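Peer 1: Sequence:
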Amino acid sequence: MTAQEQINAFISLGKKNIQANLSQTKKNIVFISYYPTYRSQYGNLVQKLKQKYNVITVVDRILNDTFEKSSHFNILFPWRVVENGETYYLNADIEGIDLIITADEVGYLDGKIDREFLSKSAKRIYMPHRLTYDCGSTNQVDYINVPSASALASFKQATKNTNITLLPCGYPQLDNLIANYQYHNSNTITYAPTLRYVDNVRNTDLNAFAGFDGNIIEWLLKNTNYNISYRAHPFNTASNHNFYSLIKARFKEEKRLSFDEKQGYDYFNFSDFLITDWSTTSFLYSYATLRPCFFYMPYPPKNTKENEYILKDKLAKNFFTLKSLLSNIDFAKEAQRFKKLREENIYNIGTSEEALIEKIDQILQGKL
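Numbering (my numbering), first residue to last: 340 to 707.
It should be emphasised that the hints constitute simulated quantities derived from the structure, not laboratory data.
Treat the numbers as computed from the prediction; the structure is a model and nothing was measured.
A portion of the hints provided could be inaccurate.
[Said to hold, decoys possible] With a cut-off of at most 30 Å between alpha-carbon atoms, the simulated DSBU-like pairs for lysine-lysine come out as follows:
| id | residue 1 | residue 2 |
| --- | --- | --- |
| 1 | Lys408 | Lys698 |
| 2 | Lys651 | Lys561 |
| 3 | Lys355 | Lys459 |
| 4 | Lys462 | Lys389 |
| 5 | Lys706 | Lys365 |
| 6 | Lys587 | Lys601 |
| 7 | Lys462 | Lys365 |
| 8 | Lys355 | Lys387 |
| 9 | Lys354 | Lys408 |
| 10 | Lys656 | Lys591 |
| 11 | Lys656 | Lys672 |
| 12 | Lys391 | Lys706 |
| 13 | Lys678 | Lys653 |
| 14 | Lys679 | Lys651 |
| 15 | Lys365 | Lys389 |
| 16 | Lys656 | Lys391 |
| 17 | Lys408 | Lys355 |
| 18 | Lys462 | Lys499 |
| 19 | Lys387 | Lys354 |
| 20 | Lys561 | Lys591 |
| 21 | Lys653 | Lys601 |
| 22 | Lys462 | Lys495 |
| 23 | Lys656 | Lys679 |
| 24 | Lys459 | Lys495 |
| 25 | Lys706 | Lys561 |
| 26 | Lys389 | Lys601 |
| 27 | Lys355 | Lys495 |
| 28 | Lys678 | Lys495 |
| 29 | Lys389 | Lys355 |
| 30 | Lys706 | Lys495 |
Using the sequences plus the hints, can you model the full thing?
Peer 2: This is the structure we're talking about:
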């Protein structure tokens, strides 16, 4: 049997598995989640929806985690398989799926989930992984859940020539983080840079990223009394990119430095504050914990916007400015500030899942 024949057999088996678990009496909702780091985007939405609908989760790896256990059925159906250096893309048209919900940007069309992936007729909702501005493959969906007022403004601009319906319902992940946040004082700060796109055959890329992150880690160790938790982007740690291995080797004996490779957001609970470059986790962290995040960017990207990517008064282009910012933190004042920003910007704090379920009900009833 050739590799393509094996792929076709796997597609047939996966399709039959999904079809066998579709309900004939209830509407069928499929959650597609291929990157483990995005599984927390849904909060408790899966558990709540399965009270009235048949809910299936589709994954590309079995982790036996809460997400997989929360649905009626969890099914393995990867979007691609790499065999002997060849990439094979999987797909099937499965009748009976009424709604597909995803936070992923993988699949076809240069990294986007194709509009016909798994179903040519199902409605599709995109759950963006950014809290404060637009992102995602907007041309592949019918609806976008919008977390905040600032995100709504940018999504309106991004979708102005489409038929996409925006759903300003809030952010289930944030609600879940707020509800479960418990601060533990460990005298630790987390350095969490954004995703590094690394060409492993270009030593200049490896050295640049390893050098940049290594320098700020070294500076923090020398200029603060904090323990430092280095949290590379989950995609970089999962792939064990060479630049990340270089950093681990460089600081192997440093007792005050730890490497956080856990999925999820446990680090919110032990971080006094966050340092990043322009990762949008900054606002998620500050809105969940009411603690500050600082942005170290010697050369800020041109598209960084106030209250969407960064807060300008927390931006440092050099270590001199960063030292000044870190030496004058008023945590009580910061808590008041982020509470106000959160209340002004985020939709349906604490009730986003209920707001989204109301919209899903309308979609499945053909009213929206």
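Peer 1: Indicate, hint by hint, whether the structure satisfies it.
Peer 2: Here's how the hints hold up against the structure:
{"no.": "1", "hint": "Lys408 x Lys698", "in the structure": "holds (24 Å)"}
{"no.": "2", "hint": "Lys651 x Lys561", "in the structure": "holds (25 Å)"}
{"no.": "3", "hint": "Lys355 x Lys459", "in the structure": "holds (17 Å)"}
{"no.": "4", "hint": "Lys462 x Lys389", "in the structure": "holds (17 Å)"}
{"no.": "5", "hint": "Lys706 x Lys365", "in the structure": "holds (17 Å)"}
{"no.": "6", "hint": "Lys587 x Lys601", "in the structure": "holds (16 Å)"}
{"no.": "7", "hint": "Lys462 x Lys365", "in the structure": "holds (16 Å)"}
{"no.": "8", "hint": "Lys355 x Lys387", "in the structure": "holds (26 Å)"}
{"no.": "9", "hint": "Lys354 x Lys408", "in the structure": "holds (20 Å)"}
{"no.": "10", "hint": "Lys656 x Lys591", "in the structure": "holds (28 Å)"}
{"no.": "11", "hint": "Lys656 x Lys672", "in the structure": "holds (23 Å)"}
{"no.": "12", "hint": "Lys391 x Lys706", "in the structure": "holds (18 Å)"}
{"no.": "13", "hint": "Lys678 x Lys653", "in the structure": "holds (17 Å)"}
{"no.": "14", "hint": "Lys679 x Lys651", "in the structure": "holds (17 Å)"}
{"no.": "15", "hint": "Lys365 x Lys389", "in the structure": "holds (10 Å)"}
{"no.": "16", "hint": "Lys656 x Lys391", "in the structure": "violated (51 Å)"}
{"no.": "17", "hint": "Lys408 x Lys355", "in the structure": "holds (21 Å)"}
{"no.": "18", "hint": "Lys462 x Lys499", "in the structure": "holds (19 Å)"}
{"no.": "19", "hint": "Lys387 x Lys354", "in the structure": "holds (26 Å)"}
{"no.": "20", "hint": "Lys561 x Lys591", "in the structure": "holds (16 Å)"}
{"no.": "21", "hint": "Lys653 x Lys601", "in the structure": "holds (27 Å)"}
{"no.": "22", "hint": "Lys462 x Lys495", "in the structure": "holds (20 Å)"}
{"no.": "23", "hint": "Lys656 x Lys679", "in the structure": "holds (27 Å)"}
{"no.": "24", "hint": "Lys459 x Lys495", "in the structure": "holds (26 Å)"}
{"no.": "25", "hint": "Lys706 x Lys561", "in the structure": "violated (60 Å)"}
{"no.": "26", "hint": "Lys389 x Lys601", "in the structure": "holds (28 Å)"}
{"no.": "27", "hint": "Lys355 x Lys495", "in the structure": "violated (39 Å)"}
{"no.": "28", "hint": "Lys678 x Lys495", "in the structure": "holds (26 Å)"}
{"no.": "29", "hint": "Lys389 x Lys355", "in the structure": "holds (21 Å)"}
{"no.": "30", "hint": "Lys706 x Lys495", "in the structure": "holds (21 Å)"}
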